[in-house]
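Peer 1: Residues per chain are reported as follows:
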Amino acid sequence: MNITQILFWFLTVLAIGSSLMVITSRNPVYSVLSLIVTFFALSGHYILLNAQFLAIVNLIVYAGAIMVLFLFVIMLMNLNAETEPQKNKWLRFAGIIAGGCFLLVMVAALRDADSRAATAMTTYGETGLIQHLGKVLFNEYVVPFEISSVLFLSAMVGAVVLGKKE
Amino acid sequence: MFSLEGLTNSLQQWLNAHFSSTWVLVIESLLVILLAITLFAILGLVLVLMERKVAAHMQIRLGPNRVGPMGMFQTTADTLKLIMKEGLTPDGADKFLFNLAPFVVMIVAMLLLAPIPFAQNFQIWDINIGVLFVSAVSSISVIGILMAGWASNNKYSLLGAMRSGAQIVSYELSAGLSIITIVVLTGSLQLSDIVSSQQNGWWIFKGHIPAFIAFVIFIIAVTAETNRAPFDMAEAESELTAGFHTEYSGMKFALFFLAEYINIFIVCAIGATLFLGGWMPLHIGNLEGFNHIMDYIPSSVWFFGKVFFLIFLIMWFRWTFPRLRIDQLLNLEWKYLLPISMLNLLLVTIMAIMGWHF
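Protein chains in written order, with the working numbering: chain B, 1 to 166; chain Z, 1 to 358.
With the rest of the complex left out, here is chain B (with noise of 0.2 Å):
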């Protein structure tokens, strides 16, 4: 086992570890918490496959941004084991089947994609890298890009007039 594969079973086994410690934990800043981590593991994953832009902004945009909000918002409600609200045992048992069916559905879909027999580019692919991805996007996608960006800037726009109205 080199170096890489050492690396890969690793961030593995924190990833599914960790996602499987966000549905367990009773506390829902230790849930929080753990969606951060696996985050983490999987920007690992980015990097082992050279798309360090894809890792970098998967850690800006979930673990800097949208889970520091969603911190914030469950830390102010001091939401703890105690206070947790019991759930309805109904509601649990259609949780379950319907994650199951859709388990039982991915698990359908990908068993005969070709992704199986590709193999992982590790350290020397060159899809993930800015220069790739910049050109692709101004490019190929020059429209929809665009589109979306004017949407993110006038959001950002619309919270400063927002906050300048007295």
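Heads up, some of the hints might be wrong.
What the hints assert, rightly or not - Looking from chain B toward chain Z, a few residues come up when the C-beta cut is under 10 Å (computed):
1) S18
2) N58
3) L59
4) I60
5) L69
6) L71
7) I74
8) V160
What the hints assert, rightly or not - Non-contacting residues of chain Z with respect to chain B, defined by C-beta distances greater than 12 Å in every case (computed):
9) W14
10) M58
11) L132
12) A136
13) I284
14) F308
15) R318
16) N331
17) E333
18) W334
None of these hints come from the bench; they were simulated from the model.
Please read all numbers here as calculations on a predicted model, not as lab measurements.
Every residue, glycine too, gets a C-beta built ideally from N, C-alpha and C.
The hints should help you fit chain Z onto chain B, whose structure is shown.
Peer 2: Positioned in the frame of chain B, the structure of chain Z alone reads:
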């Protein structure tokens, strides 16, 4: 001539001659870890002493002057005292997160060292998106602070952590936008490329007024991001006792304290790299003689000189401006700095397209 590049190259050659490639990697990683920890310890001692001396100077006092010559070993004595102290964990605290938080803050500070070019060809990891790496990892430190504040189970800690979260998340926008102005001018996210693009002049001079505006905004934003006065709402002694680290004592408190100073060093290093040319010596136009003299100063001296100048600037702020209120702080970011930096980014983009910079 002394250079860190020669040192690392000869070390690499020696290791390659004596060990197999896997062991070379392992030994080099261990060396980097050792160097990073040493740098941290030294920086902590030096910067705390520097802060106290600068503060004393600004207030016409002497500052620490008892331990060692000129009080040089004062911080060493303080550190020894903190190591000896008992690390208390409050009864009502969430034990696991309470003890984890200082280490999260510290590890984030350590990760930030990776892409910084300390001297010519002397860099731990020249990642091709270095600037983004810095802004991504620095946004993680807020998680450590939120963990500390929440796990302490203390209203002051929680309030301090919430303030700090709001502050860091919002000031990240301006810091990011001012970093992007330099990225637009350089056309690369790699820190070594950014440094080498300043061969014929630093961006603060080459980029005309917009680059200077970006520099000012960057300094303001990073002062806020590192929770320094006048933006130290997260600790605000007069309102919140000590903010998010109220309940910490002993070495765990020392880790927070150290992380604050390390973060100052790192943001100043980024600022120096982006705007002041990193390890590039100062060159003025066609003055050949002057430029040659400047080249004789080693690149590491240039880098640390610039970084310590910026650190002095940030310390100067602390002892000059009174602390802002939390609403004034957020107003400053969302109503003034963000619109200004967006407009500035537009100007820089036009400038870069038209090729108006030198």
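Peer 1: To test your reading of the hints: which numbers does this structure violate?
Peer 2: When the structure is compared with the hints, numbers 1, 11, 12, 16, 17, 18 turn out to be violated.
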